[in-house]
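Chain A is already provided as a structure; the job is to place chain B on it using the hints.
Heads up: the sequence lines are chains A and B, in that order. For the first sequence, counting from 1, position 400 maps to 400 in my numbering; every step adds exactly one. For the second sequence, counting from 1, position 85 maps to 85 in my numbering; every step adds exactly one.
Keep in mind the hints are simulated off the structure, nothing from the lab. The C-beta atom is built at its ideal place from N, Cα and C for all residues, glycine as well.
Stretch-level coverage of chain B by chain A, calculated; a stretch enters the list once three of its residues show a Cβ under 8 Å from a Cβ in chain A:
no.	stretch
1	5 to 15
2	21 to 32
3	177 to 190
4	193 to 207
Covered stretches of chain A (in silico footprint by chain B; criterion: 3 or more residues with CB under 8 Å from a CB of chain B, positions within the stretch not fixed):
no.	stretch
5	53 to 64
6	374 to 386
7	397 to 410
8	416 to 425
9	442 to 448
10	454 to 468
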Amino acid sequence: MSLFGDLVFEAGVVARSLADYVGGGALRLGVTGLSRAGKTVFITALVDNLVNGGGLPVLRAAAEGRIARVHLEPQPDDAVPRFPYEEHAAAISGPERRWPVSTRRVSQLRVTIEFERVGAWGGARAQSLNLDIVDYPGEWLLDLALLEKSYGEWSRETIAAARAKSRAPVASQWNGFLAGLDPAAPAEEATAVKAAELFAAYLRQARDATYALSTLPPGRFLSPGDLEGSPALTFAPLPLDDGAEIAPGSLAAMMARRYEAYKTHVARPFFRDHFARLDRQIVLVDLLSALNSGPAALSDLETALDGVMHAFRAGRASRLGAIFRPRIDRILFAATKADHLHHADHDRLEAALKLMTSRAIARAEGFGATIDVVALAAVRATREAEIRHGGEILPAIVGTPEAGERIDGQTFDGVAEAAVFPGRLPNDPAAALAGEALALAEADNDWRFVRFRPPVTARGAPPPHIRLDRALQFLIGDRLA
Amino acid sequence: MNDKSPRPRAFRLDDRRVAVDDGPSPLAPMATILSQRDRLPLDGDAPLDVVEREVEAAQSAGVAKRRRLKLSTIAWAGLGGLVSLAVGLWVDSLIEALFARAASLGAIAVAFAVLLVVGALGLMIREFVAVVRQRRIAELHAALARARAGDDRDAARALVAKLAALYLHRPETARARAEVEAARRAVVDGRDLIDVAERALLKPIDKKVQAEIAIAARRVSMVTAISPRAILDLLFVAAQVVLVEDRLGVTMTEIIKAGQS
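The shape of chain B in the complex, shown without the other chains:
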């Protein structure tokens, strides 16, 4: 037999020479026993199944993509810069012209310009945060898919905790989160744990998304039926998308994903 493997042994918890968790311990304990609750994540490169691979491909084409420099990108950057400069020039000359006419008008224009800058900055920051969050979710999704394919218990434990943390700000998921937490503490296999989390956390939200989309789709089809002009349809559809997005507090990609499933 292999001499290197550690020998079986046992320690009674009422033995005075043994330290148990936070209990009173002797100065130089013979052995220390620490109860385990959580596991550390492990990195594993398990193969993905077909559906997961497709989802991965779609995601890497979208949010999680690394941007490459393309000719069209350069052209759009140039045009964008020029347009921004033109708008800046126009605003500048407008304010100057207003000041020339009357100082009070100029002051009002400056105030509006400040509002514009503050608002635009706010929008940009929000969009940026959303993109970062999206990317994080995409990465989490990929990691969960890997852990599920590999039935990796330890990775699943850590990832499911992260997933539950994403829903901390939604009070209606309190029960689902508690359920996931309980499953995380029990001895459940990686694949099963991820399935439990998916069912508890995501199913209700998926259902809600689908219901909202169904309602919006009904509205759109009615408007398409009675509207005289195609352009009105398009405007209405755009408005519906914004409305649905707003109501669910989710991003477009999530809506599309739910629509596909």
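Isolated chain A (complex conformation):
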């Protein structure tokens, strides 16, 4: 990166911070997570509970009755799409009872919380907090690692990963295409498009529920946002030798140029315009899919979380400290879908997430943010029960499994309610991480988590949740004190 480029970048960050300050200091809460972690559901439930006065006993200001009114305000950033809260809320609590469609781009929503606090000399003081909720795909954070890598380095790493044993079955088509490709051949658009398509298909398949892999940069290949089909997304790694010269006009040269364009026009603006301006951050993690898939998916998720943490931490120590300085002071890692297992196992789920983030957290020490870990369910789709079967008493959950979900030889139709015992998580979370298996068959795993449909809710009332209030207390509680 050139010094001039860095200076321009920094100036951009400062300008946006200044604009934020002048525009009346809102608290910017970043909500992210790898795809299918439940970002959209989390934001929808959060806003629903705040605006419609759901039960939030652990959020102090709400429990003390100090919150007078919460309402949505017009989105302040004209260039960023608004988070379509109403649409998503209707999807969850409407007659269809379906989960909303997923996050593919940055979106934002402003919630204003009017509350009162006790003044210094007694008496109440009315205040208001503008909470800007910023929703963005967690995959984009992993692009930060790309900013430090050249095209050659990135190609070698990505190709090595695709040839690793655990990923080989997913990547077979892509690897086959790559074998017949000559980086030194003259640049041709059709070849580039074909390569990019196959590469993206491999990434998408690896992300799929069966494999549930997580570390798959570049992030925009999985959630292209509004850049679908643009040249900045039409590139792929090529097998280049270490230190090999890239001849001008060759396929490799074209790919390298597009890779640089991706960095300049896609990755960096995101960090400058959105990420560097966040105050609080929640990272949602879908641990259950990774647990379903196997230990290799879990360790891949661990690597991805480490990459996410790297983005948060980049402010101080690394070379990137020169180009942007995150001001995030509270980070919450949340294992979502905690309602898919009995609460007796919540502690184990939390322990597993703690173990997986421990490496990231330990390395993040000293960068001045408070970090916490929680198991939550933004929308609680199940209730709890016990099953007595064959002389065993099993802690179970009751809900409507999604159509097509399978467990123990049964396939659900999405209509009937069922009591599900998903298996017990191991007492020692390290046991779940041991091994290299991926995309395990159901019979090879000690647990099987099925997905449930949203619950039937009373009209107008926010659906029930698990520990959403605790997450809120951690994230914004101090600003409402």
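Frame of chain A; chain B shown alone:
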């Protein structure tokens, strides 16, 4: 993988071979499904934080203390016995003397003596009940502190129910109790649940106690300022303590605790 852990499985609630709660069930159900509402308490020995440990120490020095035999205790017991005997002797001789003078006077004295005995017995029983209740509260407090420190969800559920039961006779806590009950039914962690209960049930009462103490303190300071004799102050303070205690229907230790916090 471990063969011992039970395999995942599922049962459709509309399956005829499955019995659900109290609904109609087949003769030999394949599986029984029981909805859960409450959890059983568990014993846990979690460490306490510093503040809690201090409170514990203060309590064990007070109400929850196991009494040990000390020399002073023996001496006081002896003196107390002698004084009781002296009073008994005096009452006995008084009644005898009154009977000697006139039978009617003696009868009146006996009636008064009976009143004295009944009243004293009543006081003793009330005091005893209060001490027992205090000890129970102290134990509950210690258990809550442990459950909070250990974030023990199941213990917190049971203890918070007990705590709410303590306030059953106070109609003004109806809303707070309902709130605690609702939190108990939801999936809330042990620590959070205890915090919710504390805020809902105890905060308003604490506030009331503090207000009463503030009023009493104002009165006392005024009397101290204008009273000519120190002994009058002391008497007035004693009277205020009794008054505050009466008004709040709480015991001294609670007042002191609220004063400290």
